[in-house]
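Starting from the known structure of chain A, fit chain B onto it as the hints suggest.
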Amino acid sequence: MGLITPDPGLVFWMIVSFLIVFFILKKYAWKPVMSALSNREKAIENALRQADKVKLEMEKLQADNLKLMAEARVERDKILKEARLMKDQIIDEAKGVAQAEGKKLVDAARSSIQNEKKAAIKEIKDQVAILSIQIAEKLIKDKLAANANQGEYIDKLMNEIKLN
Amino acid sequence: MKLIYSRLSIWFVVIVAGVLLNTPHLLANEPKTAIAKTDSIEKKEAIKPGDIIFEHIGDSYYWHIVSFKDKEVSIPLLVIVYSQISGFNIFCSSKFHHGHSSYNGFEISEEGKYKGKIVETLADGSIAKPFDISITKNVLSLFISLALMLWMFLSTARRYKKHPNEAPKGMQSMLEPLIIFVRDDIAIPSLGKDRYEKFMPYLLTVFFFIWINNMMGLIPIFPGGANVTGNIAVTMVLALITFFITMFSSNKYFWVHIVNTPGVPWWLKLPVPLMPFIEFSSSIVIRPFVLMIRLFANITAGHINVLSFIMLIFIFGAMNPVIGYSFTPVSVAFVVFIYFIELLVAFIQAYVFTLLSALYFGMAKEQGHH
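Top line first, the protein sequences correspond to chains A and B.
Per our numbering, the very first residue in the first sequence carries number 1; after that it's consecutive.
Per our numbering, the very first residue in the second sequence carries number 165; after that it's consecutive.
For reference, chain A alone in the conformation it holds in the complex (with noise of 0.2 Å):
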């Protein structure tokens, strides 16, 4: 049988051409392949991991933010009612100020008052007296014109004053 008959020529050409071209391919070709083939898996798996390690790294970095934002609303919020209760405290303070300046001032000019009243009144009764000497004066030249009412009437006018 022909069919089952292995011929010798193209064993020949089959052993020799395959052989040649395995050891090309297996040189040029499948070292290459497959050294570029894992390359790029380990490249792929090295990126994906580094992905995953950057997202990571984001949350984090996020959740930083996040806490980093409270904690400074929260200082913002202190400052805030410091900043209130210092107002409130300044302005406290300066009515009090005011007030007591206020105070000084009116008593100051209470007193000044006081002390023009009494010099006034001062002035008033020397003027008073001036007066009152010069009518009594006039009046004592008049009634003095009679003796006989001179003594009585000196001593009503010794009692007058003594009362004021």
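Hints listed in this document are in silico derivations from the structure and should not be mistaken for laboratory results.
Each hint should be verified, as a subset may be incorrect.
Taking CB as the label site, the calculated pair distances span [said to hold, decoys possible]:
1. Leu-508(B) to Asn-46(A): 34 to 42 Å
2. Leu-48(A) to Phe-441(B): 52 to 60 Å
3. Phe-441(B) to Asp-52(A): 55 to 63 Å
The beta-carbon is built from N, C-alpha and C at its ideal position, and this holds for glycine as well.
For chain B alone, coordinates are given in the frame of chain A:
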């Protein structure tokens, strides 16, 4: 999806057209029908489907392309023979005038032990077969598919080198899944993750060699159509290479397992070495033999199937032309069906051969843990 269908339909057309183009010469090729100028009764008797089919799946010194009426278009091939008398003879096979004349004492034997081969008539009139390494149809087809392989993989490798870490493109994206398939589904499961790398070049070469040659065999016209992987010489060489690699990578446990199989009663080993004999024949002799037969038989059977359905047209046609014509659509439908199965078989046989080779390498390297 639409693209796949349109591509499939192109394949349909190519296959059917190829089959139809090739059919006329099935009749014309038969020398007796072509030459005989006798009446029609003799012509009908001249159709020998068996011979025609065997001629197609066998080797030839011509690459027949098409016959139309009496004209034959074929590529003459190079004959290289070494004769004891005249040494090396290299000439074109067209010198034989399609087997009708002899050249330098050489001729193509028409019958007997050397039918279809080149024989030499010696001085004493006896016939001898010279050492024949002619570039026959199968050898040329082998060269074409090997050249195709070289071009495919060297250009792919170049792209891998030039554009590392990039998505595959063009032919690379067709070959890469197959390369990864061989690596991840054949080599690693049968050889283990730490040992597979050493065997990858052979497994890849043998996988693509078988697959590409199977596919080339399915193309009905030149440069396809030769029955390379369905030739026992080719499958024998492949099986022998697998066998030698298995032997060279075998370790102590492999041989201990054969000579002194563990877990078997002693009386199966002594005094009659029954178990070693069974183990030896099953794991050393039968394995490569089966590899050789399986590929050869599957691919040859596929070709015979297709040719048989085509021959049916001519068998019926010889009875009555009307029956012949009316049977043609049925035959073509069957041929197309078989062709689709053959496309599948082409891949499956490449897979099976590669997988079994990988398994045998894995067994030869197995450590003694069982």
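The hints, checked one at a time:
1. Leu-508(B) to Asn-46(A): 34 to 42 Å: Given range 34 to 42 Å: holds, Cβ gap about 39 Å.
2. Leu-48(A) to Phe-441(B): 52 to 60 Å: Taking Cβ atoms as reference, Leu-48(A) and Phe-441(B) lie about 55 Å apart, which means the hint holds.
3. Phe-441(B) to Asp-52(A): 55 to 63 Å: holds, 59 Å
When held up to the earlier numbered hints, the structure conflicts with none and fits them all.
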